[in-house]
Amino acid sequence: MLKYIGKRLLAMIPVILGVTLIVYLIMSLAPGDPARTILGEQATEEQVAQLRSEMGLDQPIIVQYFRYIWNLLHGDLGRSYQSRIDVSTEIFSRFPNTIKLALTASLFSVILALPLGIIAAVRQNTFFDSFSMFVAIIGISCPTFWFGLILILVFAVNLKWFPVSGQVDNFKGMVLPALTLAFNSMASMARVTRSSMLEVIRQDYIRTARAKGVSNRNVILRHAVPNAMIPTVTVIGLRIGGLLAGAVICETVFSWPGIGRLLVQSIQSRNTPVVLGCIIIFSICFSLVNLIVDILYAFIDPRIKSQYQ
Amino acid sequence: MKKLLGLLLAVTMLFGMASLAAAEAKDTLVVAAPDESANLSTTGHDALQTAYLNVLSYNGLMKLDYSMNPVPDLAESYEVSEDGCTWTFKLREGVKFHDGTECTAEDVVASMIAAQSEPNVANFTKDYTKVEATDKYVVTITTDGYNSNLLYSLANHANFVLPKALLESGHDFNAEPVGTGAYKFVKWNHGDSIEFVANEDYYGGAPAFKNLIWRFIPEGTTRSLELEGGGVDFVIDVDAANMAGIEANDALKMIVVDSISLQFLNLNDTKGALQDINVRKAINCAINKQAVVQIAENGHAMVAYAQAPIGFSGATDEGCDTEYNVDKAKEYLAAWGGDPATIELSIICSNDAKVRAAQVIQSNLADIGINAQIERMDLATYLDVTAAGDHTAFIGGYTASSMVQYLMMNFHSSAIGAANKSRLNMPEVDALIEKAAAARTTEEMTEILLQVNTLINEQAPQVSLYQNQKLYASKAGVENVNVLPNGYFYVSEWTWAE
Amino acid sequence: MEKTEFKQRSMLVETWKRLQKNKGAMIGLAIVLILFLLAIFAGVIYDYQEDVIKQDYNELLQGPSAKHWFGTDELGRDLLARIIYGSRASLFISFAAVALAAVIGCFFGAISGYFGGKVDSVIMRLTDILLAIPETLFAITLVAALGTSTFTLIIALAISNIPIYCRLLRGSVMTQRGSEHVEAAKAIGARTSTIIMQHILPNCLAPVLVQFTLSIATTILTISGLSFLGLGVSPPTPEWGSLLSSSRSYMREHTYLTIFPGLAIMVTILSLNLLGDGLRDALDPRLR
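Protein chains in written order, with the numbering used here: chain X, 1 to 309; chain S, 1 to 498; chain Y, 1 to 288.
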């Protein structure tokens with residue numbers, strides 16, 4: 001198992017390097033000169049040219065790229081063109097906020113999705129079932145930012161229960177952004193939970209348990225739910241990755257001081273080191289989450305574990 | 001099922017109750033600003049949003065009063081020599097920096113010399129050639145001939161005063177401002193807010209609000225809604241669409257300031273058919289500026305006809321032919337003789353309001369047969385493309401603190417490649433602008449400015465659209481709020497009344 | 001040869017029969033068809049110049065009424081007309097992007113799955129890289145960098161969708177590769193391209209079709225997200241995301257401007273999802 005984890009972690013390195021190469025190329029293809037952006041409209045062409053050469057922007061892209069990678073391998077993400085602060089400082093002052101948002105959102109979606117999916121499955125073909133699945137499919141179909149705007153209109157503007165923009169340090173300020181982000185993943189989790197519950201309920205051992213006179217409640221909670229969790233865990237894992245990406249838009253809607261907004265701003269000001277830093281962080285998180293999901297599998301399902309050996 | 005509903009209800013009740021709590025003494029002011037500055041230096045930018053923050057923590061030798069006249073700030077008084085080349089400033093004594101050291105002539109000199117090597121603020125440091133400390137509290141500034149613009153430049157953030165000792169020790173002013181201003185920097189929560197605390201030793205008296213939180217909320221509507229919801233006390237740049245709602249609310253008030261910032265449709269006079277004066281005049285006449293104002297600013301702006309902003313002495317509509325008149329536009333096109341469909345015009349826009357304005361222009365120009373495109377660009381691309389002169393047109397604006405400065409930046413040939421983006425290059429205009437800058441009396445200067453403005457108006461280098469109003473809003477309790485026509489305001493003067 | 005064709009036709013009939021039993025899928029299909037017809041015949045209902053882009057300063061921000069069912073926008077244009085025309089941009093871009101992605105992805109996926117070995121590992125490492133960047137982020141970066149136009153939108157969205165199809169087809173091809181009818185074709189000396197095109201691909205299309213429907217849905221969402229960030233199509237062309245985005249300033253006083261385009265997006269995605277789910281169930285009853 002450890003060997004497997006080690007192998008997966010090693011395999012992440014070329015992937016991350018590949019990601020940096022692609023993003024570096026895209027950023028260097030982009031029109032817009034970082035030096036001009038930094039110096040503003042009053043600077044002369046000579047001053048801009050001088051700054052370009054100070055920043056090493058006049059060298060061939062491939063040289064710039066390898067210098068970046070060399071520094072990256074030494075743990076140096078470079079400095080932001082605009083604020084002249086270390087990219088790592090810039091990113092880690094906001095990264096916890098994004099993590100906070102993504103985790104709260106996943107918590108919300110798990111708390112809402114599991115009961116919804118389980119009850120829907122247990123009461124298959126009742127009104128509750130159709131209703132909750134309808135809610136779920138709306139959740140999947142709803143543009144994140146639109147849902148956010150509607151929540152703001154209803155709960156912040158009209159009912160005044162929550163602040164309009166997100167606030168990192170109090171729970172009330174986190175509710176709306178987290179709900180917005182959670183809605184979509186909640187929906188897909190509920191659907192998967194329902195369908196895997198349905199599959200499990202039809203299995204022989206459930207019938208056996210029922211025949212043995214175990215109460216319905218216990219059958220569901222002790223026997224069916226744990227076994228139905230495998231696909232659900234996958235979806236939870238996949239959705240955390242999706243949540244990180246969704247955060248970009250959610251953070252814009254709620255003025256959330258996270259890494260997603262930083263990324264969008266940095267792309268727009270051609271702040272290549274920060275863009276690369278953000279995307280590297282996103283990719284690492286994404287890959288790590290996938291790895292964790294695979295490992296969790298092994299713990300939940302012994303059949304899968306045997307494959308790793 | 002019922003249990004679930006009950007739980008939901010209970011949770012929502014809880015939040016409802018929590019929002020009823022909290023009502024304390026008003027010693028913290030929360031300001032909502034649209035853009036977060038990349039850094040807080042006084043010399044590394046020329047952006048109003050960062051200038052707001054500079055004004056909180058720093059002072060210059062001069063400042064602008066509410067009618068945009070330069071008045072002494074850190075200076076107590078000043079004198080100009082007979083030949084107009086030597087300016088002597090007497091400093092206030094006993095003014096302390098936030099770190100407790102006294103502000104002296106040495107600090108002023110060190111700050112201004114440091115500013116001179118910063119490209120971002122080149123326009124504000126080229127008015128003086130030499131700065132010296134001739135006494136502990138006396139600064140002598142040398143200019144190249146009389147230059148009325150110097151006093152305005154000294155009031156600009158570029159020439160604000162920083163402690164010399166920290167400048168020399170390499171203190172990071174980008175991240176942590178230290179000045180003489182009314183508010184001391186406390187903490188920067190990147191992406192979210194900056195916290196300030198009142199400078200009790202401020203020479204102008206301690207400010208009424210002990211704490212100041214400067215929040216960054218990029219969405220215009222979110223800022224207004226936050227004000228309405230009570231999360232912030234003052235909003236910078238209210239979205240015009242939200243204005244009616246704020247005015248209807250008794251707990252809030254709007255602060256509307258006629259700005260001297262001119263919004264225009266820039267035309268690159270060196271590109272294709274735009275080189276022809278008749279084409280430029282045709283475009284000028286074809287645009288329904290009233291509609292542009294209605295759509296882009298919800299009616300909150302003054303239609304502009306002249307090439308330079310109205311509100312300064314020397315401004316004039318003389319020589320303009322820019323009234324909305326489609327027939328006249330067609331006449332100009334006929335005078336040009338070409339096929340309007342061949343005119344290439346791609347309007348670059350860098351934000352939503354500009355896109356709205358551009359859509360009106362696009363449909364106006366279609367009426368005279370010109371097919372304009374709208375190109376949405378982010379700021380980085382826009383700056384690059386327009387500075388290089390690769391554009392045909394864009395919607396932009398310019399704010400200056402004096403007419404001479406405005407003309408110098410927008411129409412003087414030395415600013416081609418910088419802010420002169422219509423790329424107007426007329427030696428006659430250059431000479432007159434220089435002459436106006438050197439004029440000793442206001443009357444003389446005004447006369448020259450009238451002359452040069454008329455000349456520029458006749459050339460119609462670009463299309464002036466409107467002079468917008470700067471829109472601010474606050475809770476009704478925030479009093480003594482005044483805003484300068486260039487957008488600056490002094491939070492230290494504000495008070496709170498329930 | 002004839003036999004497989006017969007088998008396929010019967011499979012199609014079977015699928016259709018099963019699909020018909022799924023109420024949700026049929027509703028989805030109906031709505032999708034209506035949307036397509038609306039998009040295609042938008043020009044018959046409304047005149048683009050007169051109704052969609054012509055500004056009317058006397059009719060600014062009018063709420064829903066008999067004259068303008070969905071009200072008018074900040075430039076006095078009929079919102080319903082703009083939403084209907086907007087479906088053209090949204091549907092066209094997402095279809096073009098997903099189709100491009102499916103073709104390219106399937107091509108490389110098939111090669112990867114059929115030949116295996118080094119080719120496979122190179123292609124798989126490349127998809128690993130693309131998959132490591134969340135789809136939306138990749139599209140944002142590409143569009144922001146290359147400028148906003150319909151073309152760059154299509155390219156960006158296509159590239160970010162390629163790895164899904166590549167993976168999908170690789171998996172199916174690998175299972176098909178060892179099957180009897182492929183072995184038989186190999187034995188009679190059929191060319192590799194013939195084997196892939198005629199014996200393997202037709203059997204892999206079901207999951208691709210399902211994924212296609214679902215990708216269109218997510219892509220429409222991504223486009224509207226990009227528009228929301230100011231990276232969408234350029235005005236005056238209406239597009240759902242940009243309609244929503246420009247409604248933000250007015251959402252307090254003129255809520256309908258936010259509600260209607262949002263509903264349009266939601267209904268479309270909803271029906272595509274219903275259809276996609278139904279298709280999946282119909283094509284592979286075991287998954288139910």
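Hints may contain errors.
Just a few of them, taken from the derived set where beta-carbon distance is under 10 Å, the chain S residues facing chain Y [what the hints assert, rightly or not]:
| no. | residue |
| --- | --- |
| 1 | 269 |
| 2 | 298 |
| 3 | 349 |
Note that these hints are calculated values from the structure, not bench results.
The beta-carbon is built from N, C-alpha and C at its ideal position, and this holds for glycine as well.
Each hint, compared with the structure:
Hint status for residue 269 of chain S relative to chain Y: violated, with the closest Cβ pair at about 25 Å, above 10 Å. A distance limit of 10 Å between C-beta atoms decides the matter here; for residue 298 of chain S the minimum to chain Y is near 9 Å, and the interface restraint holds. Nearest Cβ of chain Y to the Cβ of residue 349 of chain S: about 9 Å, under the 10 Å cut. The hint holds.
Checked against the numbered hints given earlier, this structure breaks only hint 1.
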